[in-house]
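Peer 1: The lines below spell out each chain.
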Amino acid sequence: MKIVMAIIKPFKLEEVRDALTTIGVHGLTVTEVKGYGRQKGHTEIYRGAEYAVSFLPKLKIEVAINSDLVPQVIDAISEAAKTGQIGDGKIFVSSIEQAVRIRTGERDQDAL
Amino acid sequence: MKIVMAIIKPFKLEEVRDALTTIGVHGLTVTEVKGYGRQKGHTEIYRGAEYAVSFLPKLKIEVAINSDLVPQVIDAISEAAKTGQIGDGKIFVSSIEQAVRIRTGERDQDAL
Amino acid sequence: MKIVMAIIKPFKLEEVRDALTTIGVHGLTVTEVKGYGRQKGHTEIYRGAEYAVSFLPKLKIEVAINSDLVPQVIDAISEAAKTGQIGDGKIFVSSIEQAVRIRTGERDQDAL
Amino acid sequence: MKLRSMLSLGLAGLGTALTSVAVLAADAPAAPVPNKGDTAWMLISTVLVLLMTIPGLALFYGGLVRTKNMLSVLSQVFAIVALVAILWVVFGYSLAFTPSAIGDYVGGLDKLFLKGVTVDSVVATFSNGVVIPELVYVVFQMTFACITPALIVGAFAERIRFSAVLVFVTLWVTFIYFPIAHMVWYWAGPDAIADAAKLLAAATDDAAKAAAQTKLDAVMADAGLAFQWGALDFAGGTVVHINAGIAGLVGAIMIGKRVGYGRELMAPHSLTMTMVGASLLWVGWFGFNAGSNLEAGGGAVLAMVNTFVATAAATLSWLFTEWMAKGKPTLLGMVSGAVAGLVAVTPASGFAGPMGAIVLGLLVSPVCYFFVSTVKNTLKYDDSLDVFGVHCVGGIIGALATGILVNPALGGVGIADYAMKPGELSVADYDMATVMLAQLKAVALTLVWSGVGSAILYKITDMLVGLRVSPEAEREGLDITEHDERAYNY
Amino acid sequence: MKLRSMLSLGLAGLGTALTSVAVLAADAPAAPVPNKGDTAWMLISTVLVLLMTIPGLALFYGGLVRTKNMLSVLSQVFAIVALVAILWVVFGYSLAFTPSAIGDYVGGLDKLFLKGVTVDSVVATFSNGVVIPELVYVVFQMTFACITPALIVGAFAERIRFSAVLVFVTLWVTFIYFPIAHMVWYWAGPDAIADAAKLLAAATDDAAKAAAQTKLDAVMADAGLAFQWGALDFAGGTVVHINAGIAGLVGAIMIGKRVGYGRELMAPHSLTMTMVGASLLWVGWFGFNAGSNLEAGGGAVLAMVNTFVATAAATLSWLFTEWMAKGKPTLLGMVSGAVAGLVAVTPASGFAGPMGAIVLGLLVSPVCYFFVSTVKNTLKYDDSLDVFGVHCVGGIIGALATGILVNPALGGVGIADYAMKPGELSVADYDMATVMLAQLKAVALTLVWSGVGSAILYKITDMLVGLRVSPEAEREGLDITEHDERAYNY
Amino acid sequence: MKLRSMLSLGLAGLGTALTSVAVLAADAPAAPVPNKGDTAWMLISTVLVLLMTIPGLALFYGGLVRTKNMLSVLSQVFAIVALVAILWVVFGYSLAFTPSAIGDYVGGLDKLFLKGVTVDSVVATFSNGVVIPELVYVVFQMTFACITPALIVGAFAERIRFSAVLVFVTLWVTFIYFPIAHMVWYWAGPDAIADAAKLLAAATDDAAKAAAQTKLDAVMADAGLAFQWGALDFAGGTVVHINAGIAGLVGAIMIGKRVGYGRELMAPHSLTMTMVGASLLWVGWFGFNAGSNLEAGGGAVLAMVNTFVATAAATLSWLFTEWMAKGKPTLLGMVSGAVAGLVAVTPASGFAGPMGAIVLGLLVSPVCYFFVSTVKNTLKYDDSLDVFGVHCVGGIIGALATGILVNPALGGVGIADYAMKPGELSVADYDMATVMLAQLKAVALTLVWSGVGSAILYKITDMLVGLRVSPEAEREGLDITEHDERAYNY
Ligand SMILES: Nc1ncnc2c1ncn2[C@@H]1O[C@H](COP(=O)(O)OP(=O)(O)O)[C@@H](O)[C@H]1O
Ligand SMILES: Nc1ncnc2c1ncn2[C@@H]1O[C@H](COP(=O)(O)OP(=O)(O)O)[C@@H](O)[C@H]1O
Ligand SMILES: Nc1ncnc2c1ncn2[C@@H]1O[C@H](COP(=O)(O)OP(=O)(O)O)[C@@H](O)[C@H]1O
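Chains as they are written, first to last, in our numbering: chain Y, 1 to 112; chain D, 1 to 112; chain F, 1 to 112; chain Z, 1 to 490; chain P, 1 to 490; chain H, 1 to 490.
Pulled out of the complex, with its shape left as it was, chain Y reads as follows (with noise of 0.2 Å):
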């Protein structure tokens, strides 16, 4: 088994879960991060003094799957995740090596 991590764009939240879903992958979790990386970030002023800020909102999916559906969540991920524009975000992939369902203690891939 595999967790596939993303950090994307907040508003192409909606477009990864229907990707996802078209693949037949229906669970996710999402986190609010904050990112920092090539992508400008911002100023901001309070009372003339100028601050730069350089971390952005960005998402973080996190999506357990069974290892074969790796390049299938990938190409999903990324096209539905893609502008083209700087700081469109990473997708990083690694092991699991067990997996639980709370509910009914099934495991692995019974459990994703």
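It should be emphasised that the hints constitute simulated quantities derived from the structure, not laboratory data.
Ideal Cβ positions, reconstructed from N, Cα and C, are used throughout, including at glycine.
Take the hints with a grain of salt, since some may be wrong.
Unchecked claim - Distance condition first, Cα-Cα at most 25 Å in a straight line; then the derived BS3-like pairs of lysine-lysine: (1) Y:Lys34 - F:Lys2; (2) P:Lys257 - Y:Lys82; (3) D:Lys34 - Y:Lys82; (4) P:Lys215 - P:Lys380; (5) H:Lys328 - Y:Lys40; (6) F:Lys34 - F:Lys82; (7) Z:Lys326 - F:Lys40; (8) D:Lys34 - Y:Lys34; (9) Z:Lys459 - Z:Lys257; (10) P:Lys421 - P:Lys209; (11) D:Lys40 - D:Lys82.
Stated by the list, open to error - Selected chain Y positions facing chain D (Cβ under 8 Å, derived; list incomplete): (12) Leu28; (13) Thr29; (14) Thr31.
Chain Y is fixed; fit chains D, F, Z, P and H with the ligands onto it per the hints.
Peer 2: Relative to the frame of chain Y, chains D, F, Z, P and H with the ligands by itself:
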């Protein structure tokens, strides 16, 4: 070493923390997340317009532990977080290769 | 490729970011989390009722890097985030198997 | 027509006193017209009491609940204001402020739908020859009727059904609030008494005297039950705070504790909002208390000063009590103290002197603190926002203290006797036992009427629509489950 | 000098009526001086209308947008208040409240920079012989000029440039608001009419009669266009709400829909703030409506009662309408209903009776609900905060209902006729067709003047500075892109 | 008894002037009674000043700090209001508003615990023969005493101990505020002057004249130091704003910079709350300024108009200054400008004309902007919320401008001379040098007295309880470390 990540219902946090403490796990990190899965979301109505909200508030718990503790930790979390109702959440286990305690520089097992 | 996850004290963010920039790491993702560990929490009092609050605000930093950078990154974070006081936090390192830059579709090393 | 009551006792030596009074009854003086300064003050006082309620009380309460129930509290308060405003003009004003129809318990139906109340009708104040437009009295009193049931909902916040609130409040104002307002505040007014007393003084033969005495007795008896007892309640210690406080306690007990109560942290979701609410309560309460003088004169000014300093004193005494007991000075403590002070000074505000008001403020906070921190935990009822501990307890302290602080020897203004020198304001002799007995009786009346009555009405409401939401709904929060809305989408 | 208008028709039987009036014209009575109760009431009413706007309206609107646009809304409202206040004293007051200079459409330039307005100048009210300081009238009316354009910005919130708001509002108040205020509210005042009418009554020979009649006609014609038609608008149903509402609709259409409109969830970021704003609107609206009486008398009291109960009724009727339609009682529904009620009762507040006001409140909400939920979705315009659906629609309902509810037979106060018995307030016979025609004409005038005029002004603004931000800026939010600030840094 | 001062100079030609005045002293006229319109206005003005402070100022300040210190700011402001209210009635009012006991610096102890102040006592206003209830003056002035120290705490927000605030404020109002209020605002009132002047005019022989002159001199000298100088401060430019502003600066410097100041982003945690606070400041400030007229007359109206337009002008001028300097129009800029405008117009509000007030508003913002953005950064003191840059600088500009704008030639009302035509209001000749000298002396007096005095009191406070929290506590935030509470639990 492993890192156990559990998605649970928010009001179960105290019980899960207690269960982990009982088996000797004294450190953990919690994140507020939104989950999408089988559990039905809710409707929101604003001036007569209905919106289906499918993301539900959940907590993500991350616990780094020695590998031998994994079964115990899974059991402890599962039991404490279970209501038997849909949406109770998941547990995922992955490996970590190194751990460092920033304050002391201790490594790996000593760092947990 | 590795992903380094560090739990740090919130006011150390700027210093950690600077330290990472110094060693050439220009991307990272930050999440607000609550930590439970040895560091004592605080008490809150509401209308004469005392509550012990054991979860403390922390920041979680995630940095995806090439494997060879791991020691440097650990050192950079450790130094920058250290106050020497209990609760300085932890660093955990795991593997990632794939990385994708959504904007360009670049993979792995190029995606970081 | 509220207070500045006259102890019925005060009439004892009347027969003699009156004989020396010049006879004036014959030449009917021109009907008094409202002074625009008074009207302006009553208009703005009305606005201030609405401000106390929305957004004041709504925020004070709302800030104290968890995020997931914020809107439910705001909704309940807002809906109550709207609902009771309509009930008030339809039948509430008539039940409260027309002559007693059933015993001395409740008024009649003469002014249903404000029948006969025009732009030109006037009502009496506490001063002879001073009147205000009746409609401003209607709308000023309306705001009192609106806020009182809104106070109650704090006691069972975070678990009540919205429909239950609507049903219960409709029943409660009808059977509890309107009657108690009538019993404590309804009277014929000073000019009616003066006229009757002058007639008596002018009566020359025994037959005329007897007739005039009968007439005077009738005027004196044209008042609510507690008013006739001589109970003093300047701005609503019994009618508003004890009344709502005991109804809240009964509700909290009957509805039961919140899921997780005592185990989970139920920290206020926004003390910022609570502080804003408390501040607006303080600000608006000047309309409540000083407005209850019904005139922009010295009495209103005194009520404002008393309200200010009693609240300040109670703020400080809660602050220091908690600081000593728990080691930290808290904002929630200060604002709780402020509200306790406001509650306690409410019945006393037009009767006490400023130093008396300060003493009252200093005393009320430690007692309320003891109730909300110790008594509640010992008796294990879940009065979510301490409606009983602050409003009922504070109201009782205020009601009793009023009986003491009204004493001119303690800087109070004394108890008006409108019959002694008809047409002039005289102060009756102060007799502590008499006054305190009247105060105690009024407190007991309110506790019993509202306590027992509310219990019955909760039962009826439960049968009609169900009082409480399901445990799952409570977990998820009433905002989503009852209203399909969320307070914040940051 | 606002309303309590007199239908020009009411003058029909004048000739005869006047002959029986005692001649008083010769001995010039002492010029009336302001009553301090009136002055106090107008001062506080002014404060209340500012409170409605900031923070009231700003929070009501701000809570409804997404977090990223919160400050942009607050900034627009705040800036508009400051900008229009200056424009008002520089030329707005003169354009609105000096004798007509161009047709009966707009006043002249005599009082530019408040020339000639001193601490001692006074203006007429709706009562003979009652005046208030002119400066308090200036500042009271200023708050109306400030809030009206601020209402508009809700229609295109979340996508307008800040500079466009400043330019558009400057143009809009100049060419739309000041003229319409003049047309609807400017008149010579009751004493001018009474004086002319008395002269006429005193005229003995035909020449004098003709001269006096000419004089009276001139006084009657010294009024704005709609005022001369006899249109009734107590506190701004046409001038404020229809006027702003139609301008908002035109703007929403011309500027276009928000990016993502209809697809993305655009949930209010803080219904808490919206509730606070709505409550302050309710609270402050008493200054708006009851203050429009210009005196602290029975008329102000009536306006306050009407405002209270109409709002309460509209709150409940929106609540139940939505509850039935969607299955849940919502807070946003209640506060939307409250605002709809406030809007609808605005033109009627000094004319209707309380029961009429309740009926009006009950009716307005379902209609507005239909507009914001069904009509808007069907016609697919993006009126972000329902300025049209609530203010324009509610204002039209109120304007028309005013024509009906003013009927004394329905509990209304009737239409004042200042010429019938000069110096006394008489009520003209009620003729529904006449009144309704005047109301309809005033509504149509406002819709056309403001609708067409605004379209032109949006176009000009677009050419000057551009109306809309870029789609990227809209995605990121106006707070950062237009103001370099964020509303919250928790 | 505040201002409308009379320059002592104005008395020069008095002897001659008075001889032509009719002798009236013999027949003592009936003591004036308060007008209910005035009383209503003073009551509501008092309420408005409280609203300015809680929640107004508390939110304005609170929104500007970081989340972790929100409650500490709210707590400090709330506690100060409660504390100073009590100190005021216990001894503050006596020190400020009884005849000078030590030099002309401070009043005596005659009215400790409000001794002798009853519901019937009255005090003078600025008009001959017009009085208001003394208790309303006590409570109105109380709100000024409450808000002034609350302004100070913004200067060292986010690092002060709560106990230090309580100790410092107690000392500060005692040794700084009460004396300065006495020096600037205490005088015998217009009727006392008129009576003495009439006596002088009536004196026939030289002995009588000398005696009468002595008497008149004594009445003129029965005033605070700055008042005798002829310094003009309508509503508190020196007493409130310069006074608090300089005390804040001294505190900020002595307590030192915040941990991380200059390096970390210290963005306001909620500009929404700051905007609400600023709006309530604006709204409530009408009570502050127009209430300072002490009557509901033309002077109050003028003060309201001036307050409105100066604030509007300053809002716009800060907006455009920052827009040009930094490229973006910000909300924080607008509300800072509004507060600067309010501060600057405070001393001038009853003296200037509306156009003068606009000019003042336009000027004050760029100067304050320069101080908060450039001077502060250059001199590197950490005045957290710009108490010095806005209140002290704005107050100085206002105080000096008052001396210019009072000139009738510039639309001002001129300086009252109560002795010229006793019993009537006369305007003294305007002499710029004289007036400006008085203004400068009053500003200097305040800067020195409060600057030096505050430094000593900070030192004492530090020795008693310690001024500053530990760096760890500062990192964690004062809410948790000082109060064991958190502002938000979302
Ligand atoms: N090395 C990294 N480790 C973790 N997160 C990263 C890393 N680099 C970038 N990110 C995340 O991806 C987001 C987008 O990256 P950025 O460099 O701005 O643009 P792009 O994705 O187009 O290359 C960042 O805001 C950050 O959240
Ligand atoms: N494949 C997945 N990857 C990541 N998180 C998941 C996945 N499936 C479910 N989750 C998380 O688990 C939560 C519970 O899942 P859900 O399907 O609603 O119920 P259950 O846990 O009872 O099967 C979701 O809200 C989501 O946060
Ligand atoms: N086993 C663990 N798994 C995950 N996070 C942990 C673990 N132990 C500690 N943490 C995180 O590290 C933070 C600091 O740990 P703590 O024990 O308080 O101090 P220290 O880092 O100095 O040992 C905690 O607040 C928590 O967020």
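Peer 1: Next step is simple, just say for each hint if it's right about the structure.
Peer 2: So, going through the hints one by one against the coordinates:
no.	hint	verdict
1	Y:Lys34 - F:Lys2	holds (20 Å)
2	P:Lys257 - Y:Lys82	holds (23 Å)
3	D:Lys34 - Y:Lys82	holds (22 Å)
4	P:Lys215 - P:Lys380	violated (54 Å)
5	H:Lys328 - Y:Lys40	holds (18 Å)
6	F:Lys34 - F:Lys82	holds (18 Å)
7	Z:Lys326 - F:Lys40	holds (19 Å)
8	D:Lys34 - Y:Lys34	holds (16 Å)
9	Z:Lys459 - Z:Lys257	holds (17 Å)
10	P:Lys421 - P:Lys209	holds (17 Å)
11	D:Lys40 - D:Lys82	holds (17 Å)
12	Leu28	holds (5 Å)
13	Thr29	holds (5 Å)
14	Thr31	holds (5 Å)
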